[in-house]
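Chemist: Dock chain B against chain A, hints included.
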Amino acid sequence: MKSREINILILDDEIELMRVLCMNLDIMGFNCMLANNTKEAKAYLENYEIDLVISDLIMPGANGINFFQSLKETSNTLPPFIFYSGLSDLPLIKPYPEGIIGFIQKPFSLEDILNIIPEDIKPLEV
Amino acid sequence: MSAKSLELLYASKKILELMASNRPLEEILHSLVRMIEAFSPGAQAAVYFIVDGKLRLGAAPSMPEEFLKVVDGCPIGDNHGVCGTASFTGLRTISTNVAKDEVWGAFTDWVLSFGIKSAWSNPVLGRDKKVIATVSLYYRDYHEPGVLDFEMVEAAAKLMEIAVDRKNQEELIDEQRIKLVTSSKLAALGEMAANLAHEINNPLAIIQNYATYIQLSHRRSRLTLDEASKIAEEVEKTVNRISGIMKGLKAISRDGDNDPFQKASLKCLIEETLSFCRERFHQHGVLLQVNQLNPSLNINCRPIQLSQALLNLLNNAFDAIISLPEKWIRIETKEDEDFCIISIIDSGTGIPDSLRTKIMEPFYTTKGAAQGTGLGLSITKKIIESHYGSFKIDEESSNTCFEIKLPVKEAV
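Residue numbers (the working numbering), protein chains in the order written: chain A, 1 to 126; chain B, 1 to 412.
Chain A extracted, bound-state conformation:
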């Protein structure tokens, strides 16, 4: 449990989905930041204390895993990542690479996400 607000960064090029996910996480007491592309996401990660990243797996011109890996090379204080994807043939890499705490398949519910988020970064309310 953290004393300050818990910051979740959502990375997706589909704004609709990002927005409604943010609305839900907001109700649950999280503070969400939305990034439309990896460049924006990187800026958030550099300038804010982000506790968790929820990211689309594949976006036009970008691959979430590659992005994650490139961040990992330059930073050793990376927040945990959760990926979601609409691919029904999602490759379930297990065990996950260190730093990735879950893969979720679309469509997913808020509960699917909450189940993965570690207790120590959940607001009191949850």
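Worth flagging that the hints you see were computed from the coordinates, not collected in a lab.
Any given hint might turn out to be false.
[As the list claims (entries may be wrong)] Cβ-to-Cβ under 8 Å is the rule here; a few derived chain B residues that face chain A:
1) G53
2) K130
3) N201
4) L204
5) I206
6) Y210
7) T212
8) L216
9) S221
10) H282
11) Q283
12) H284
13) G285
14) V286
15) L287
16) T400
[Said to hold, decoys possible] Okay, the calculated beta carbon distance ranges per label pair:
17) B:R220 with A:I101: 23 to 33 Å
18) A:N63 with B:I242: 54 to 64 Å
19) B:E337 with A:A43: 23 to 33 Å
The beta carbon of each residue, even a glycine, is placed where N, CA and C say it ideally should be.
Modeler: Positioned in the frame of chain A, the structure of chain B alone reads:
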């Protein structure tokens, strides 16, 4: 059995083996001609098909090109040379002296100019006893065929009959397989079933999360009517995304082959087609670009068929580039007074020369058996041709580019 007969038997066996291993007809005919020449020293052999009352060259690797150019397409008939006559009468026709024999008619001097002094031709009868082909031998000296020659050419004729028969059967089977698959739309549906999950999962995720939000928000007594109404709008918009896909699916799964031609907006047609794959492209990181489409451009077409043709090309492009580092698919349209050109371009680097013809053939696929039916391109080609258009690979393009050219004016 004479040594010659045994040799003939052995040579025939070789040719049958070629057929059994499904070698192309050209190769089989070529070997057949070489076999005839080996058994009849001094002869130059040729095999012709009879198509619509005309001679059509099968194989004649030793004959001069100038000679074949004239014979190929020559109508059969009495006194139209030994092959024309043999094909016409169904009887073996022998000319032991070209200069004297009537069988050459108006061709006498022309044939002599190639140094041919004697020749004979043996008809090949098909199943219905009609002449389907002929085997001809030309000599530069005065040759009178004997029993051994006849035995050999009879064998060759029999082999040719089998080869042609096999080829016809294969074409028939292919045709029926295509009919089966096209009419039931299995090919398109199969690909689409795979697409569909991708297309629908994203909007479903959005709807599901809105539902959750309403419940959460309501439980905390935070939901205002205004907000609820806004959400309802969003949900409706998202539902429309799905119903658009379903509408298109219903349309395309119907057999559109016998639909009447109708005016349709090319812009709508392309956009509807894209609704089947936009999401899947997106989810696999494939950038989709469509140039500005002229909203007033209407074409006379069977919309469902045309949409299917486009979808086949888009699916092919997708499969081809999915493992490349650079992934994009672009649709470009151009138009002038008479034609519109729709190009489907992908980030691949083109089709190798050796495959360009092959990929248009039915059942040829570079995809794995589980993925491709090998029908997409041949169906696409058939559809475009039935629209009085043309379909080709743009060889100038540095990327893979398939080009559909359709007449804009009403087809006559």
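Chemist: Next, verify each hint and record whether it holds.
Modeler: Verification of the hints:
| no. | hint | in the structure |
| --- | --- | --- |
| 1 | G53 | 57 Å, violated |
| 2 | K130 | 55 Å, violated |
| 3 | N201 | 4 Å, holds |
| 4 | L204 | 4 Å, holds |
| 5 | I206 | 5 Å, holds |
| 6 | Y210 | 5 Å, holds |
| 7 | T212 | 5 Å, holds |
| 8 | L216 | 5 Å, holds |
| 9 | S221 | 12 Å, violated |
| 10 | H282 | 6 Å, holds |
| 11 | Q283 | 4 Å, holds |
| 12 | H284 | 6 Å, holds |
| 13 | G285 | 4 Å, holds |
| 14 | V286 | 7 Å, holds |
| 15 | L287 | 5 Å, holds |
| 16 | T400 | 19 Å, violated |
| 17 | B:R220 with A:I101: 23 to 33 Å | 27 Å, holds |
| 18 | A:N63 with B:I242: 54 to 64 Å | 26 Å, violated |
| 19 | B:E337 with A:A43: 23 to 33 Å | 51 Å, violated |
In this structure, the earlier hints numbered 1, 2, 9, 16, 18 and 19 are contradicted, and the remaining ones agree with it.
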